[in-house]
Amino acid sequence: MEAIVLQLLSGLDGGSAYALIALGLTLIFGTLGVVNFAHGALFMIGAFCTVTLQRILTLSHTVIDDTKTDFLGNPAKVQVPYIQDWFGEAASATIIDWSVPLAILFAIPVMLVIGIVMERGLIKHFYKRPHADQILVTFGLAIVLQEIIKYFFGANPIPAPAPDAFKGSFDFGQLLGFEANRIIYPYWRLVYFGFAALIITGVFAFLQFTTFGMVVRAGMADRETVGLLGIDIDKRFTMMFGLAAVVAGLAGVMYTPINSPNYHMGMDFLVISFVVVVVGGMGSLPGAVLAGFVLGILQSFASMREVIEFLPGINQVVIYLAAIVILLTRPRGLLGKRGVMED
Amino acid sequence: MFGLTAKNTRLLFLVIFLVAFAPFLMNPFPSDSAMAQFNAGYPDLMQRFVIFGIFAIGFNILFGLTGYLSFGHAAFLGVGSYAGVWMFKLLGMNVIPAIAASVLVAGLLSVVIGYICLRRSGIYFSILTLAFAQMMFALAASVLTPITGGETGLTLSLSDPRILGAAAVDGNIPVPSFFGLEMRSTYELVLGSWSFSFNTGYYFCAIIMVLAFYASIRIFQSPFGLMLRAIKTNQTRLNYTGLNSRPYTLAAFVISGMYAGLAGGLMVAMDPLAGAERMFWTASGEVVIMTILGGAGTMIGPVLGAGAIKYMENIVSKINKTILEQWFSFMPDGISDVFVTLVYPFIGKGWHLTLGVVFMLVIIFLPGGLVEGGQKIKGLFSRKKPETTPTDGAKTPAE
Amino acid sequence: MSKSNFTRRGLIKTSAVAGGAALAAPRFFSPSWADGHAGYLNAPQGSTVTLGFNVPQSGPYADEGADELRAYELAVEHLNGGGDGGMMNTFSSKALQGNGILGKKVEYVTGDTQTKPDAARASAKSMIEKDGAIMITGGSSSGVAVAVQALCQEAGIIFMAGLTHSNDTTGKDKKANGFRHFFNSYMSGAALAPILGANYGTNRKAYHLTADYNWGYTTEEAVRTSTEAMGWETVAAVKTPLAQTDFKDYVAPVLQSGADVLVLNHYGGNMVNSLTSAVQFGLREAQANGQDFQIVVPLYSRLMAKGAGENVKGIFGSTNWHWSLTDEGSKAFVKSFGEKYGFPPSQAAHTTYVQTLLYADAAERAGTFNPCGIAEALEGFEFDGMGNGPTLYRAEDHQCFKDVLVVKGKENPTSEFDLLEIVEVTPAAQVTYDASIFGGELGTCNPGA
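Protein chains in written order, with the working numbering: chain A, 1360 to 1702; chain B, 37 to 435; chain C, 26 to 474.
Calculated directly from the structure, the hints in this document are not laboratory data.
Predicted, not measured: the structure shown is a model, and the values here were computed from it.
There are no misleading hints in this set.
With a straight-line Cα cutoff of 30 angstroms, these simulated DSS-like cross-link-like pairs (lysine-lysine) come out:
(1) C:K435 to C:K230
(2) C:K433 to C:K365
(3) A:K1594 to A:K1483
(4) A:K1526 to C:K331
(5) A:K1427 to C:K331
(6) B:K357 to C:K130
(7) A:K1526 to C:K433
(8) C:K360 to C:K338
(9) C:K356 to C:K433
(10) C:K338 to A:K1427
(11) C:K435 to A:K1526
(12) A:K1436 to C:K338
Next comes chain A alone, as it looks inside the complex (with noise of 0.2 angstroms):
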């Protein structure tokens, strides 16, 4: 039972962070048409917001100091970051260590303005073309844009932990009544959990309640009568890409204590990510959120020690398994509309 409790906890961990990014992705896809593969890039640059942060803030001059050597046996050179000859060593520490919630307000104009010149300057050329060509376009700049990331960081992963203050597991064992350190979550964790879903009701309530939003979903539903009501779409348009550019960086942004960043983490993300959206139907939001969760739980069950014994190999293919099957039984994934990518 506890263990049943705890992997449906990691199920709905995994499963929001497919859900995060599937929803950015059926975002432009159902607001935009645009199947966009270097969406998987957005997330990884969003993460290396964070590590930017962090070099800014740990940007340094060099101090000889005389009682330490460095590894040649030379003086040591001791880095002291601006930051602390401004702010004194405790505040500066402090600042350093919330590096991570910071960076978040680093990353919204950043990525709002990549997102933005992205549309403009190549995601709008490829409304009218084919949804091949869009794939093959945006998976070229997914490249150029991780490249461009290796050159500037290196392959390893770099580490940006969460702030002290998240760190240490909070136990749901004792909550529910079990025994202690039985149920253990990590905090960071919880901390994702609440904030995929907070970003997740937002776009939702952004979509539904305001006016910008019913232009948009009008605009889905026909871009051509919307236009015809003299509404400039496409500034609206540009405005959503730019939209799912910044959710899919905040992605990015919290989670990097829960995997140092590296320069491919978006790749790794980008097919299963695209299995979700399509698992829960082409364009629909819902339909992406609750493929992720089910996924997500479906994969944390299938890690289990118990289930592994019994049938070896099925963590490695559940996610696939699953997809196979739903879209077999259910032919336009879980919400899908009839017609859309289908031809």
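Here the structure of chain A is known, so what remains is to put chains B and C in place on it, guided by the hints.
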């Protein structure tokens, strides 16, 4: 001629000419010059050109004609490779049983996967094929290790039975051969400071590729090919005429899978090793990229695309900073440093960046792929107005 | 024109060409046009000899590959008499003169393995066929090492393995033309077990998470065997997909299982991520069975430990070499590497540097580049001064036997490179095993022509 239209006959002869003289065409620079870095006329790379050409030709039969975008095609190449290596292990080092087994196993597998996946169309079909390929990759790399060799790959060993041949020759594993003609044997032709390699394995692959190309042209021309194009144009309308299109798409899928198996078989015939990463989604993506880069739906496009990708992978990735500094050493110090710094991110370990940039440029400016680029260049030089609507469908890449 | 007619014309053409080439003997894998009569493949012509450095330049191990490449460039510099000579001054064999190898200036070509056996073989083949490389070395994974080693055996080239830790490389997949300086899973297990016993007691229950591929299997096997021999119990061993990025599903149940030690048979990115997850789930602070919960990482890499940040503190593992060693060889190497590049070398850099020097030395002592001569010179070769104490290149399986380092994540690092501290230098005798236990056959050396 050979049952082909005049235009296609010309195309076939062009391909024959290119593959027959590839050892010369690929080695245009003297082998001791600085430009020798760009020579691609060594056996391994030439073999790769034609083998991936076959793979892409086969993929194009499915994608270019029917518009079904399979995102798991590398799975057939992978199982073809495994079947081939197992033939080497069990029977002996003759390449014929290995290649036959590769084609057969890939064909059987594509019947099963095709039957299931073709129940859906569009992106749902793509994701189904992707899911199958990813499952096969994951299992081959892990739990199926006893059959597949796992992540290390399936290799030959001295203790293999090889019932029709020797298990070992002089204490070493024998090499793949065609009735005694070793695939790796090479003649070197030296003309002044140029050198050219004529490799048995390359010509073996080249002959098979010409046959495969010929078969593909025949399919494109045939009523069957026409039916496949009809499916691409409007499957719903076709179904309304009372025609069941599924057998046609399945046939195309299986033919295409067998081409992939053939390519897998040839890969192990040239180099007897099969690895799971041949089935990874990036490998499937690579053949999509090759086909579209060259020009989907055209006959020669996929071959050109395969060549371009393999060239970048094998040549650009080998240029290192020292070589770069040699190239620019004729310039004054400061300027050469600038050039080295500018070019450096794109070569050696940065070859992926070059690939991504080239790829994006082609997709943006040449929707019909390299073939369209060729037509545009031809249009510049010929007085006739360039054809605006090529009949081979270069302008309408499938979805 | 009929088809047969065309073929005949084609035949005439080709035979004309073949006629022109008739003087050249048919040779295998022969890229360099110069000469084929030396009795072995790619015999160096003129005043230079070409080595092939085949390292991961793209993919997750690119940084490790870059460090290997730096070490190769340093080794070439030293061999050609440049720099301060590095380990050539401390190496017990004095055959190397600083005038290249056998008087020929050392040149090199580089390639990208992409950490994929296929791509690595393609790259190695182009070095052999196109560039005329006489020796191939490098790599950062056992899959690649085994694949390239098999290729070199087939082609008739010496392969000096880079970073490869699986037992298979010199075990079931060993080859007469392949040599490995790096240590292996078995040695890690044998060196780690006594230290773990001394620090954590012999009454422990271990939970293994194992990367689901060959290296993972051999490492799990090695650690299990050696820890169980001293009384540990293995509660469970769960295989995790190689492509896994988030290990929460696998780490979450560990505390409930009744185990009190978690062994992470992961390397590289897998290790960084699984260790991060384990620490997040509070395993380092946890208590189980009345003891402090412990985490063990059998194979450490400093480059990767950096990616895990603070999570490595206090965690035991093993490594082939570390820059903080104070023997003369290590000091000389760290000095010349550090002065050239500004940071200390990694274990990958060390093993590739040493392998290059060992190859060059063997060629000098054999007096030839013939792979069979070099193999003979390396087999049973005993040397010292290369950073790992007295070392033997065992003839039976072409594996080096030397001291193994047991290390621990440092609690108070003084610099960004100071992540591991050496806990124990396990003597070679303690990690030596019988050459036959892993099966496989060396075959006979292949000179390729």
